[in-house]
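S.K.: Chain residues, written in single-letter form:
2 protein chains.
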Amino acid sequence: MSKKSSEKVTIFALGGVGEIGKNMYVVQYANDIVVIDAGLKFPEEDMLGIDVVIPDISYLTENRDKVRGILVTHGHEDHIGGLPYILKHLNVPVYGTKLTLGLIEAKLKEANLLGETKRILIHPDTELNLGSITASFFRTNHSIPDSVGVALDTPEGLIVHTGDFKFDFTPVNQQYADLHRMAELGSKGVLCLLSESTNAERSGFTPSEKSVGQELVEVFRRAKQRVVVATFASNIHRVQQVFEAAMLTNRKVTVIGRSMVNVVTIANELGYLDIPEGMLIEPEEVNSLPADEVVILSTGSQGEPMSALTRMARSTHKKLDILPGDTVIIAATPIPGNERYVGRTVDELFRLGANVIYGPGTITGVHVSGHGSQEELKLMLNMMKPKYFIPIHGEYRMLKQHTNLAVSVGVERENTFILDIGDTVEIQNGIARRGSKIPAGNVLIDGLGVGDVGNIVLRDRKLLSQDGILVVVVTLSKQEGKIISGPDIISRGFVYVRESEGLLEEANKIVSNTLARLMGENVNEWASLKTQVRDALGRFLYEQTRRRPMILPIIMEV
Amino acid sequence: MSKKSSEKVTIFALGGVGEIGKNMYVVQYANDIVVIDAGLKFPEEDMLGIDVVIPDISYLTENRDKVRGILVTHGHEDHIGGLPYILKHLNVPVYGTKLTLGLIEAKLKEANLLGETKRILIHPDTELNLGSITASFFRTNHSIPDSVGVALDTPEGLIVHTGDFKFDFTPVNQQYADLHRMAELGSKGVLCLLSESTNAERSGFTPSEKSVGQELVEVFRRAKQRVVVATFASNIHRVQQVFEAAMLTNRKVTVIGRSMVNVVTIANELGYLDIPEGMLIEPEEVNSLPADEVVILSTGSQGEPMSALTRMARSTHKKLDILPGDTVIIAATPIPGNERYVGRTVDELFRLGANVIYGPGTITGVHVSGHGSQEELKLMLNMMKPKYFIPIHGEYRMLKQHTNLAVSVGVERENTFILDIGDTVEIQNGIARRGSKIPAGNVLIDGLGVGDVGNIVLRDRKLLSQDGILVVVVTLSKQEGKIISGPDIISRGFVYVRESEGLLEEANKIVSNTLARLMGENVNEWASLKTQVRDALGRFLYEQTRRRPMILPIIMEV
Numbered sequence: 001m002s003k004k005s006s007e008k009v010t011i012f013a014l015g016g017v018g019e020i021g022k023n024m025y026v027v028q029y030a031n032d033i034v035v036i037d038a039g040l041k042f043p044e045e046d047m048l049g050i051d052v053v054i055p056d057i058s059y060l061t062e063n064r065d066k067v068r069g070i071l072v073t074h075g076h077e078d079h080i081g082g083l084p085y086i087l088k089h090l091n092v093p094v095y096g097t098k099l100t101l102g103l104i105e106a107k108l109k110e111a112n113l114l115g116e117t118k119r120i121l122i123h124p125d126t127e128l129n130l131g132s133i134t135a136s137f138f139r140t141n142h143s144i145p146d147s148v149g150v151a152l153d154t155p156e157g158l159i160v161h162t163g164d165f166k167f168d169f170t171p172v173n174q175q176y177a178d179l180h181r182m183a184e185l186g187s188k189g190v191l192c193l194l195s196e197s198t199n200a201e202r203s204g205f206t207p208s209e210k211s212v213g214q215e216l217v218e219v220f221r222r223a224k225q226r227v228v229v230a231t232f233a234s235n236i237h238r239v240q241q242v243f244e245a246a247m248l249t250n251r252k253v254t255v256i257g258r259s260m261v262n263v264v265t266i267a268n269e270l271g272y273l274d275i276p277e278g279m280l281i282e283p284e285e286v287n288s289l290p291a292d293e294v295v296i297l298s299t300g301s302q303g304e305p306m307s308a309l310t311r312m313a314r315s316t317h318k319k320l321d322i323l324p325g326d327t328v329i330i331a332a333t334p335i336p337g338n339e340r341y342v343g344r345t346v347d348e349l350f351r352l353g354a355n356v357i358y359g360p361g362t363i364t365g366v367h368v369s370g371h372g373s374q375e376e377l378k379l380m381l382n383m384m385k386p387k388y389f390i391p392i393h394g395e396y397r398m399l400k401q402h403t404n405l406a407v408s409v410g411v412e413r414e415n416t417f418i419l420d421i422g423d424t425v426e427i428q429n430g431i432a433r434r435g436s437k438i439p440a441g442n443v444l445i446d447g448l449g450v451g452d453v454g455n456i457v458l459r460d461r462k463l464l465s466q467d468g469i470l471v472v473v474v475t476l477s478k479q480e481g482k483i484i485s486g487p488d489i490i491s492r493g494f495v496y497v498r499e500s501e502g503l504l505e506e507a508n509k510i511v512s513n514t515l516a517r518l519m520g521e522n523v524n525e526w527a528s529l530k531t532q533v534r535d536a537l538g539r540f541l542y543e544q545t546r547r548r549p550m551i552l553p554i555i556m557e558v
Numbered sequence: 001m002s003k004k005s006s007e008k009v010t011i012f013a014l015g016g017v018g019e020i021g022k023n024m025y026v027v028q029y030a031n032d033i034v035v036i037d038a039g040l041k042f043p044e045e046d047m048l049g050i051d052v053v054i055p056d057i058s059y060l061t062e063n064r065d066k067v068r069g070i071l072v073t074h075g076h077e078d079h080i081g082g083l084p085y086i087l088k089h090l091n092v093p094v095y096g097t098k099l100t101l102g103l104i105e106a107k108l109k110e111a112n113l114l115g116e117t118k119r120i121l122i123h124p125d126t127e128l129n130l131g132s133i134t135a136s137f138f139r140t141n142h143s144i145p146d147s148v149g150v151a152l153d154t155p156e157g158l159i160v161h162t163g164d165f166k167f168d169f170t171p172v173n174q175q176y177a178d179l180h181r182m183a184e185l186g187s188k189g190v191l192c193l194l195s196e197s198t199n200a201e202r203s204g205f206t207p208s209e210k211s212v213g214q215e216l217v218e219v220f221r222r223a224k225q226r227v228v229v230a231t232f233a234s235n236i237h238r239v240q241q242v243f244e245a246a247m248l249t250n251r252k253v254t255v256i257g258r259s260m261v262n263v264v265t266i267a268n269e270l271g272y273l274d275i276p277e278g279m280l281i282e283p284e285e286v287n288s289l290p291a292d293e294v295v296i297l298s299t300g301s302q303g304e305p306m307s308a309l310t311r312m313a314r315s316t317h318k319k320l321d322i323l324p325g326d327t328v329i330i331a332a333t334p335i336p337g338n339e340r341y342v343g344r345t346v347d348e349l350f351r352l353g354a355n356v357i358y359g360p361g362t363i364t365g366v367h368v369s370g371h372g373s374q375e376e377l378k379l380m381l382n383m384m385k386p387k388y389f390i391p392i393h394g395e396y397r398m399l400k401q402h403t404n405l406a407v408s409v410g411v412e413r414e415n416t417f418i419l420d421i422g423d424t425v426e427i428q429n430g431i432a433r434r435g436s437k438i439p440a441g442n443v444l445i446d447g448l449g450v451g452d453v454g455n456i457v458l459r460d461r462k463l464l465s466q467d468g469i470l471v472v473v474v475t476l477s478k479q480e481g482k483i484i485s486g487p488d489i490i491s492r493g494f495v496y497v498r499e500s501e502g503l504l505e506e507a508n509k510i511v512s513n514t515l516a517r518l519m520g521e522n523v524n525e526w527a528s529l530k531t532q533v534r535d536a537l538g539r540f541l542y543e544q545t546r547r548r549p550m551i552l553p554i555i556m557e558v
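Protein chains in written order, with full-length UniProt numbering: chain R, 1 to 558; chain W, 1 to 558.
Calculated from the structure, these hints are not laboratory results.
This one's a predicted model, so the numbers in the text were calculated from it and none came from an experiment.
Incorrect hints may have been included.
No copy labels: a pair is met if it fits in one copy or bridges any two.
As the list claims (entries may be wrong) - Each computed DSSO-like pair below joins lysine-lysine, with the alpha-carbon atoms no more than 30 Å apart:
#1 K462 with K318
#2 K252 with K188
#3 K188 with K98
#4 K109 with K387
#5 K509 with K530
#6 K66 with K88
#7 K378 with K224
#8 K88 with K437
#9 K387 with K530
#10 K509 with K378
#11 K210 with K252
Here chain R stands alone, though its shape is the one from the complex (with noise of 0.2 Å):
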């Protein structure tokens, strides 16, 4: 007993909590680390610029050593999309089931780095050991195959991550959720539930998946023309009914946007969808078909501006068109910040003479969420019955709910934590507690530049994008203390010059006054005069224009 005193079980999570996306969570008992998935997630509002967002690794790359490798419970982007960025500072072994390694696999290679990493299949039934800590697998049901939740045996007790879940009761694939394997765990006692919170805020237990599939059926058989379905291409059950219901109505099925190619082309090779012979075919093809026997199956649901169904909307697209009297379902939910995008594409598509079905899947019947609802999490709970709780996977009003939920069900509010990036929980001879904090943050990710663009540069993009810049280009004689060339004004952002050739004038003479008066006064120290030129400028626009654009002095000396 003494000597397992000394040792604790250390969780925390880089990413995924208290924010949506770039899932990290991390176990580590003595000398081993255990990481649960590696994603990204994308920019917010205020993130000029930025291409997508990886969590920060410093902790992981100091204890490189001691990193058994890193466990990916599916194949989402938020928890996947870190893995190119983060596999080249950690070479650590990655563990997966099937689809999720192919999906994994087509983004190493791309990032040309599939031969430098150990990839490890795992199943539901896998052990695996990583030093001191045991893990083994159960199936959840999820909106991608092959989904697992994660339970670690570390000597302190079991440690279990759901993964992404819901429990859909009539899986569209036959895979079902692994019950029995959850409520033995429940049975030998978790010590800590790690539980995700997408849909803590919602009562009531989710739709099936296979609901979706018959609403499909109806609207195909219902469709006088041709139907266009966007959906996630990674919602492989989603994509699969498609094609049952075009072949129950005698369509035949295009597939269309490039992330929709990608994923169907891999999960049609892993066995993941199964196409009756002949029902697929070129999106060439689709004008030599009668429009009721046609189904586009593309990208494009949450009005992203360059996807397939973006592109058709407006007209745009090589090879496909939308003709008036044409179905278009868009079967998703938008996320939030999408809202007027797919609003947008809506709008195109009316415009066009489609008939449109859109809005919330609980009307349209056509969209069901892959996250479990309050009963649902609550069913997991009951399952895991845990000693400690610890939400995971969402905003922290999200979290915040989930607990509330844990308390409902039985565990005690004092042993629930509610975490940020880096905070960390601590458990000691059974006891949990909070611990000390581990770096943690956002790492930017810009083009190919990996942490190059910090809060200076955002700041920087973000006053170039209010007001725009005016760079101030002047050539100064210090011994003849007079203005040899310029000022010149160059705008770019601040006012169209053409109506403003009066305003750019008038601040040309600012500018020049201002340098006259001081170079009179003999000041000509390089800082001061940029500064007061700055100074000067700035006023005089703010006060015309209530703007406030970034002023750049040029300032040469001769």
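Once you have looked at the hints, place chain W on chain R.
M.R.: For chain W alone, kept in the frame of chain R given last:
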């Protein structure tokens, strides 16, 4: 008859169709133009740095001698917010009911336009002679008191504009919708109905505002500490109900947030609020009262960054804090695009230990829409029985759904017209057809500038916001054919310089080499030098970083 047939009624929108906001509708008969509303809209996400957007009114200024006045249906920003800008260029009388004029006058005062603007008070039974057009009004229910619809009697027949409306059979202020007048108009025969479409996608009947009052009493009663209610300032009915619920539960009310204080003051002065003696307290008095005797009525229901609620949530409000156990009611639905802001505010409030009531009004009961749902739109159509129908006030998809509703209640589909701004409908001898387009568009307002920010400026702001700017400064001697000073590269919003010294040094070399090569070739055309520097540097940076900053070469010659 022959005389009659030579003139026609022309109907068009300068704003409010194909968009949410900047409502402005125009009816013209011969030399008489009547304008209905003059709103603003908030900028779309690609209108960087823009404060507000108003309609292009060049048609009206070109025909200023014909414009008989602007009839304002109610006091919301999307109906009155354009007035301070528009009246500067078009000094015509403004007509409105008492509260509407009160809110307009506050705006005109700020813009120093009060003295020179003719403001004419109307009552629901007012009749106005506007040249060949006679205007009358009918009271409607909406989320602000004193809302009216407009009936324009033209020589061609009656044109009815509904304003914004719902049917609230138990209105908070006893201002019942004028069903009888609507029925009368319908009996008389409506040539063309313009009806608002905000909730045309929503089935059923919007609940009465009174249901919110009942729920507020319940929440106030259950709350053991202070209650904060955030709602739109202009929703005077809601504000009244907060005072009533406070009185019933023995609480005093303090009002915070600039627009809430303004509107409560104006509405109180004009008699639209009935605040019992002693109910209203100053924010400074809050802390001297027991927590369960306080209500704080606040702005910030949209999570606006500078609002009172957001400040309290961030613990940066000067006078008031959120304490653990306080109840915060967010009595509003997020406007599309604001979901993230509201979510963040809710997160912060939960972090402070507050009990937050948020989410769809259908679940919380503390918010109802001010706009009628499908059954109410059909009721209006049934009352008016119009020959022609023009859906207004909504995005295209809403106008489309509203058109379908009109057809479902008996309007001929060929008698319905979905308009874009600038599209006209002409009615002559009882026959409507589409006429030629008139100029229409967005006028962007940035600070004091009106119309000096156009596509080029916005494109530059977009570029600058994505990857920043590099200014390359170099001085050449033409005679000696060599670089005298520089190149110096100044970067803003591109990379964090300290992290990228190597990159910028290499960039420097690229510029030097390009110039040396060109000068060697005796190519010294100014424009070509700049273009070549820009191209070479741009190519290099894109290869290295996959970013495309704006590059501004400044090449001086001595």
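S.K.: Next step is simple, just say for each hint if it's right about the structure.
M.R.: How the hints compare with the structure:
no.	hint	verdict
1	K462 with K318	between (35 Å within a copy, 27 Å between copies)
2	K252 with K188	neither (50 Å within a copy, 55 Å between copies)
3	K188 with K98	within (28 Å within a copy, 72 Å between copies)
4	K109 with K387	neither (42 Å within a copy, 64 Å between copies)
5	K509 with K530	both (16 Å within a copy, 26 Å between copies)
6	K66 with K88	within (17 Å within a copy, 71 Å between copies)
7	K378 with K224	between (44 Å within a copy, 28 Å between copies)
8	K88 with K437	within (25 Å within a copy, 58 Å between copies)
9	K387 with K530	neither (63 Å within a copy, 68 Å between copies)
10	K509 with K378	neither (71 Å within a copy, 63 Å between copies)
11	K210 with K252	within (21 Å within a copy, 53 Å between copies)
Consistency with the previously given hints fails for numbers 2, 4, 9 and 10, ordered from lowest to highest.
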